[in-house]
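Following the hints, position chain B against chain A.
If you want the building blocks of each chain, they are given just below.
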Amino acid sequence: MLKLKFAFAAIAVTLLSGAAEAAQPVTFGFSLDSKDSTLQTAWQDYMQAEGKTQGAAAGFDIKWVFNVANGDPSRQAANIEDLITAGVDVIIARTKDAGSIGASITSAKEANIPFITFDRASSGEQPSAHVGGDSYHEAYSTGIEFAKLLKAKGVAGKCILLEGSLTDSNALNRTKGWEDATKEIGGIDTILKVPTEWNPELFLSGLSNALSARPDANCVYAESDFAFPSIQAALEKAGKWAPAGNPKHMWLATADLLTAAIEPMEKGYIDVSTTWDALAQAREAVRVAIALKKGEDPKCSADGCLAKGRVVTPATIKTTENLWSRDYK
Amino acid sequence: MSVQADPTLPAPRLRLRQYLPSLILLVLVATLLTVMWAYMPNFFRLNNIINILLQASILGLLAIGMTGVLITGGIDLSMPANMALAAVLGTMAMRSTGSAAIGPVVMLAVGLALGAVNAVAVARLKMIPFVVTLSTMTVVSGTCIWITNSVSITGLPPSYTHTLLAKPFGIPVGVFAMVLFTVIASFVMQRCVPGRWLYTVGLNPRAARIGRVPVDRVIAGAYLAAGLMAGVTAVLLTARLGSASANMGADALTLDIIAACVVGGVSTFGGVGRAYGAVFGAILITVLSNVMNLAGVSFYVGLVIKGAVIVAFVAAEHRWRH
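Residue numbers (our numbering), protein chains in the order written: chain A, 2 to 330; chain B, 752 to 1073.
Extracted from the complex, chain B is given alone in its bound form:
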């Protein structure tokens, strides 16, 4: 009895190529951790490990959303701005109603709605993702500043912050959320048909169309998912900061999200990458920042080191792939 290979699965060599960046990343993180073990005992305090995972959770969740978009060959520059607007509107809703439950609902709805705007523009109107999401970012950031007058909105219901800042088994809710969404996204991308379509569309949209893959719907789904992840992140970050403001969508965050994805082996050309890889990338970037802070490295030197590590990693990955 012969076993037929699943045509939607990548060939074994390609599969190995896809896993290798994540493996390299794991080795890199392990090496970094070993060095830290020797030179910075503070680093391995349980508090610090949890602290790093909590810090990485925000970046990791956004990176999961970005991964889907990058795999289709697109990009979503508006994620941090969407997150900020979702947070602001959700917080305003909570303040005006006094209900903690309404906040997350509004934040997820706003995230999805803004994702839908990008989805329609890219998938339906065939606009260039870079231009569309850059425009969305500008419009949303402007709206956010206009609504808030650049003043942060505080006064969240205590039940909201208490619930989302809880630490079941000593682990923050944000970390659980990151793990949960990583598992869900990885499962969908690797085991479900729509997830595999993402790769097909990203590798060759024309071939995908001939293969009767609903390309437009797949692309729209990726932007909707990115919007949803911006909403999820808004829920957690608002609780963590105890407020919402236009500043939450700082430009620097966009670069960190893309860096996390790229370092995690997600190709900016589409068709390649894993959600858990992007999350590992987010953890590596957070570890780098944390290590430099603990070591008292100057901010500017820190930026140079961070940039150099990212470039080195991307160069190594590019060399291996080609």
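Bound-form chain A, shown alone:
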């Protein structure tokens, strides 16, 4: 009996030590251009959490090294050089400057370290992979949900589209996503397009002018809600700032669901939004980093590995898990 116990103990020790040996220690470096909003903190936290979960599943014990460049491309180049010197296994970098990151990608390639551009792509040298948000899907999923909602309410949508900067690929993707969705489901007619250049002042003046020009408009789609206070001000000025259920309610759909849009959605002013999903992006970045570390193909599309956002409505906003814009304040 004693021999049997020893045998079991020996097997258990062997298994445990085997499991411990299986977790290969790896280091991932994450270089941030700046840390001036809660989004960056959310990315960092989610990446660490995902590193534990996905790392354990892949047999990696992931250690993270984070550095911040304080908005200085020269500092970011230096920080990435430090990551290379420290011998990290994979570098993930969110750049402020699409042009200057190319030199760092070249340095990483020379050192045989896989490089992932995160959130913002490189306009020069191309990295091992790019991970970002799926702008097209954000607008498309919002459009589908919004069109279904209006149909269910028996509303023939006459929408004003608040476009972003016409030179920004994210904005162009969102316009296309919105148009594809509304065409697919029907019931929504985009009666006016207002270019905002991502300028809060133009969100306000553009929407005000549009509401004056087209008083028959009954819905608005904003390609980002970062400037939501401007949208609110324009609706207040037009006497159309009212929550769902009120006859004055302007049907509202947005992209991103950033901090400024959380309260208006909770109170029923915004009907549908799709998140600029920090969690999904962090999850995708870790997945791609692990794949690259293993020497596998991360299987990205031509535009990169793009993380899809989640559709949120007033009914689900309080129960949607890991919503960074609500949780990080």
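Keep in mind that the hints were calculated from the coordinates and are not lab data. Everything hinted at is true.
DEER-style ranges, computed between Cβ atoms: (1) B/922 / A/264: 55 to 61 Å; (2) B/877 / A/110: 49 to 55 Å; (3) B/843 / A/196: 24 to 30 Å; (4) B/791 / A/149: 54 to 60 Å; (5) A/65 / B/877: 50 to 56 Å; (6) A/190 / B/1006: 51 to 57 Å; (7) B/1047 / A/198: 38 to 44 Å; (8) B/897 / A/217: 34 to 40 Å; (9) B/852 / A/110: 25 to 31 Å; (10) B/878 / A/238: 40 to 46 Å; (11) A/170 / B/1062: 41 to 47 Å; (12) B/791 / A/107: 21 to 27 Å; (13) B/896 / A/244: 37 to 43 Å.
Since this is a predicted model, take the numbers as computed values, not measurements. Backbone N, C-alpha and C define an ideal beta-carbon position, used for all residues, glycine too.
Chain B alone, transformed into the frame defined by chain A:
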């Protein structure tokens, strides 16, 4: 035979006072390096040492330019913005002509031109250096964003980057440039009459004027030199980043330049400091950042440590001087 002391040279005690900060800095860097030797073997890899010197070269070159201005009792807050505009215009010139040679010429010319604007405003129009250079910084930064639309300019001629990113004897061109300009600036400031005038003007402009020192021209020269150094830095940084953008002149860089000078023993009150001291200061600040990155220290803790070291050093230097 008696030997007369050169009246333009500082007294021996003052001279010792001027050298001491640099010596303390050397000891501090040596101590830091010894600690690193023991705890972070990666730090002493040749690659990392060269990496640190390359990183320090940008800050060091700007600090050399700032040293001259600080010695006259002024300040140039516009250096990073000037550097960014010089880089942007130089890169645009290279892109439109396809010539790699035109870039450095335009960058140096733009740096000098912006230095001249500051020089005229401070030396000729007697405007306050802080206000003038802050205004120049604002105007130049705005112009830079307006020209580039906040988009970085890429597509440099390969010969430009290949030449400036070369590593003769394994040492990057940027490091050679830093050493060369440190030697030139130190020689001019210590061995040439116009260099000594800088200290005279900085210590007591009224006395300097009575002593027939061309005060206005000396001050103008310091701002021109700062502009030139911004242009030189633009040439190297553009090659290093492979692009030029308005972001290159980040505000944080201004603080680092001043910190490098102050840590290197250059007085913000004028009259005191050496170019090589400012370069050592730049190296110390770069080493601190590098060490904290290698040690995986949090960004915010890193800022606190960096700030504390700078304040401690300035306090120690101030106490010794007074």
